[in-house]
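A.B. asks: As given, the protein sequences belong to chains A and B, one line each in that order.
For reference, each letter of the first sequence is one residue, going 527 to 1431 in the working numbering.
For reference, each letter of the second sequence is one residue, going 342 to 574 in the working numbering.
You may find that some hints are simply not true.
Stated by the list, open to error - Using 27 Å as the maximum straight-line C-alpha spacing, the simulated BS3-like pairs for lysine-lysine come out as follows: (1) Lys567/B to Lys1428/A; (2) Lys559/B to Lys404/B; (3) Lys883/A to Lys1050/A; (4) Lys559/B to Lys1420/A; (5) Lys373/B to Lys567/B; (6) Lys373/B to Lys559/B; (7) Lys556/B to Lys1428/A; (8) Lys1323/A to Lys1428/A; (9) Lys404/B to Lys373/B; (10) Lys556/B to Lys1419/A; (11) Lys516/B to Lys404/B; (12) Lys1050/A to Lys1040/A; (13) Lys404/B to Lys1060/A; (14) Lys567/B to Lys404/B; (15) Lys536/A to Lys1050/A.
FYI, nobody ran anything at the bench for these hints, they're computed from the structure.
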Amino acid sequence: MISMKSAFRKEVLRAVTGSFGRFLAIAAIVALGCGFYAGLRMTGPDMRYAGDQYLAGTHFYDLDVASTAGISDSMLDDIRDISGVEGVQATKSSDVMAQIGENQLAARVESMDFSEAENSEQDGVFSVSSDNNDYLNRPMLASGRWPTSDDECVISADRIMSTPVNLGDEVTLLYGDDNFDNTFQTKTLRVVGTIHSPEFMSSIGMGTTSLGDGTIEQIILVNPSVFSDSYPNTQAYVKVAGAQNSYSDSDAYDATIQPVQDALESKTDAWTDDLRQQFEDQVREQAQSQMEEQQQQALQQLTAQGLPLEQAQAALQTQMQTQQADVQAQIDAQVDSFNPDIYVLDRSHNYGVSSFKSDSERVDHIASIFPLVFFLVAALVSLTSMTRMVDSERPLIGTLKALGYTKRAITMKYVFYAALASCIGAAVGILTLTQFFPWTICRAYAIIYSVPQTPIPLPVDAGLAWLSAGLGIGITLLATWAAVRSTLRESPATLIVPKAPAPGKQIWLERFHKLWARMSFSWKVTWRNVFRYKRRMAMTVVGIAGCTALLLTGFGLHDAIWDIIDRQFGDILTYNVVVQTHDNLDDAALLGVRDQIQDTGDGTDIVAAYQRNMQASSPDHDAVSVVTYVPTENSDMSQAFSLRNHQTRQQISVDDNSVVLTEKAARSLGVSPGDTITIYDLNAIGDPVGDGMQLTVTDVAEYYVNNAVFVGEDAWRDATGDYAHTNTFFSKVTNDQEQRDTLTDDLHANTDVSTVSYIDETVDTYRTMLSSVNTIVVVLVVSAALLAFIVLYDITKINVEERRREIASLKVLGFVPREVDAYIFREIGILVLIGTILGLFLGIWLEGFVVTSAEVDYVMFSREIHALSYVWAILVTIGFAALVMFSMRGELKKVDMVESLKSVD
Amino acid sequence: MPFVSFEDVTKIYHMGDIEVRALDGMNFGIEKGELAVVVGPSGAGKTTVLNILGGIDTPTSGKIQVGDTRIDQMNERQLTQYRRHNVGFVFQFYNLMPNLTALENVELASQICDNPMDAAEALDLVGLSDRLNNFPGQLSGGEQQRVAIARAIAKNPDLLLCDEPTGALDYETGKTVMELLQAESMRRGRTVVIITHNQAFCPVANRVISVHGGKAVKEDVNENPKSASTLVW
Ligand SMILES: Nc1ncnc2c1ncn2[C@@H]1O[C@H](COP(=O)(O)OP(=O)(O)O)[C@@H](O)[C@H]1O
Ligand SMILES: [Mg+2]
């Protein structure tokens, strides 16, 4: 028994070293399958882990108390008193249009105590440490230094500006809301440093605002004293004790936050009353002092006219009483219209945090089915390889059986071999690819987000690792076990002679007598062979189909992404500049802007419109944000927007009564022409207000970036009761850069103009954003190609091995190498072709699925796969097949006639 | 000069450090149109002789001539052409393509040579004209061996080489196969070489070459070979 055991060990070892190629092939395919599955599945969680580390390390707030009427000191005290509150940071912030270097854009100015930053330390990748628990949202200095005076500021290093901003450049705060003049003491600043801020981690957008085109494009951190003393704190950021200990996606985190959030929310009514009381007191005091002053003046006037003081006082008495009543009424009216709003917001209201989260979830979606197909193909191949190995060792199994080895011992040999190969494969694959995939994809997302990359080694999710390893190893072992068992059922005598080849039979093609008769002999043979081994045929076709599908999905996804830019900015939007003005300008002012576009910029096709960021909803569907466009001044919208029906390709014009909704919005809202939607105005934090207005959709238009609704002038008037007033001009202006610069300068100098944006710059932003999704595509395509290659190699090798005897027979008959190749490869070629065609169908389905799940929120991915992508998917598959066959020719040459035909003795 | 001649042919296999001399100075000659039987115990080197003669193996040294050509000097490509046009092989285990019908198996060989016999005619010769469309799996061992013979003779080869053609067959079918092979040599003047370890076949042959230890130890010429139909063993 002992000797048997050591002999057994030797036997296994010999199996490994004897066919090291096969051992490696099985290990490689299991590695690729398991690693790809686990790696892609772990990418989303790894992204969130990095985000979490970043937020924890920079002491990012858990809750944000925002008030439209400011945060009073007593409110701050109240907040501090709530149990569970660990730190509170009060901040002043205001959105403005700013000139930063050469760029004019919407920016958020936020106050910060820079001495805290000076006293803190940036340690390691993720964290900024400080003794002060009230120091929250700690930015990291990327270049330069912290401001030391009121005319200095730092801006985000993450925002890619159309014209680069250098340290020392000037920042001018141009205008903002109605209270702008009372908000700032200093309006001219100098950039002394750039930062990464957890509060503004996305470089695509930093939040929404009512200014400009609705997105905050830069942040400006300043000393609190840059703001006027009278300008109150607008925000109180709250850190909850213990929240840091749990993952911010977890229930534990929510459970820690909830009591504090509840406590804060329960106070908002009282705070609102306090604020109103404060406001009333303030107004009353002002009115009182104003009145007293007036009276004093009147009294002086009267006495100056020579009236005795007492008489004058008496004369004023009645006047005073009526005035008092008037003032009281005035105060009441003012207080009534004063409605402070206080919001308690969690992290999901932060633009960067929530879009980072949804991007990571998008990766999850892509990772849900694509790797599964990948995995199944890999499993199929490892299964076939093991079955083949068992088949090829039938005589050996027979001998072992005849020698008296138990079934268990023999089974163990193969199971052990398979286990060794697949365990090594799974371990290597999972350990490397769960680092490689997340690392690569996180790196791609670093273009958009300032979240630092987790240094390697990344955490490996044990559950997922075991799941994919278990599946990969399990399938291989099970297949091996089944193959050995079924082989062992045969008697040693039958095992020792080579397996009887599958008996030939008529194939269905022969029923087409005419066709069959006209086929050349070698084609008949080929077709016979194609249908000979059903299992081999099925496995080849499925394997190839899977690879083609994966490739097509990758290429299709690439199309989907880049089509957005071509279609949206090439076909649909035909203007190249958007000029936004302030609301409610008079005709002369609007004409002035129009003239500037026309004269300085050689602008043609000028379209005047009213534009507004709103929210659209329909019953039973989640609301979506939309940009509303109403053509004004009898403009022809089609000069700026070439809208068309996606299916019929028919042009859609925006007539007086049209309501044209864009495709993705229509899909999200579940509406089609004839249905009614409701659109709402938005408040400062982007929540809908009012009862909204009803519009009946007349058309749905193909549109890729953002959701929009185009409303005809009459339809708008019917819905709102108001004429739409121009605040936007679209135009085609010159492409000459110098002339454009002049136009930009001229328009910026015009105080009626709020923003000027060229579509080229918008395109660049989208290119940046989409390039990170594209990295995933590249990873997918490269992996699929690798898989395709391994699958083809294995399949071809197995094919050749199984048919050594036939190949030898052909050689003995005097077939020249070319003829032998044709005989064997024509058949594989046909299977590859069938597999490729099936794969295209499978790919169309898989691509549709992946595209839908990969879609970025406010972007619609194109659903069409380009003809060229089909061509590429076919070419790569067939190219690899050709390459593999070419390299297999040597293998065929090596088939030794004497060896292969040796009659078994 | 005989049609086939072996002069001092050696074939040495190396198995690790051990040298196996499968052929150790083999000398013999076979005249054109003869039916030659190579006999000898297992391991004597019979198969090696046949493989080298058929161009599917090469000698280590020595001179082999078939007709005017020296096959020991041929390269891979020339050997393929030699097998294609000059040699027909019949093996102990038939080696038919399981997925092709009897007819197609024969066609597989005939389609590649210049002057083939009609495939159906070849099968008719071996008495299988009614089994043209059967697959090997549907035929008995003897029938399969006859298909193999038909496949070999359809090429109209100068040399018909058979390695233990009756080894897997019973007495009756073995005899039928021997009759066929004898007919090939006698009626069509083909040179036929049959390997066997069965001495009983010797009387049928024109020439009997006894092989032992890689050497031809005896060469007998049989002036009056018996008909295979009278064979008893
Ligand atoms: N490929 C090989 N490697 C090593 N030895 C071989 C090989 N082929 C044949 N031999 C040896 O050569 C000798 C002759 O073999 P063979 O010609 O097959 O004998 P026979 O056909 O007469 O039984 C035997 O001893 C055999 O073991
Ligand atoms: Mg032999």
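A.B. asks: Take the hints in turn and mark each one as holding or not.
C.D. replies: Consistency of the hints with the structure:
no., hint, result
1, Lys567/B to Lys1428/A, "violated, 31 Å"
2, Lys559/B to Lys404/B, "holds, 19 Å"
3, Lys883/A to Lys1050/A, "violated, 58 Å"
4, Lys559/B to Lys1420/A, "violated, 37 Å"
5, Lys373/B to Lys567/B, "holds, 19 Å"
6, Lys373/B to Lys559/B, "holds, 19 Å"
7, Lys556/B to Lys1428/A, "holds, 21 Å"
8, Lys1323/A to Lys1428/A, "holds, 21 Å"
9, Lys404/B to Lys373/B, "holds, 18 Å"
10, Lys556/B to Lys1419/A, "violated, 31 Å"
11, Lys516/B to Lys404/B, "violated, 34 Å"
12, Lys1050/A to Lys1040/A, "holds, 13 Å"
13, Lys404/B to Lys1060/A, "violated, 48 Å"
14, Lys567/B to Lys404/B, "violated, 32 Å"
15, Lys536/A to Lys1050/A, "violated, 46 Å"
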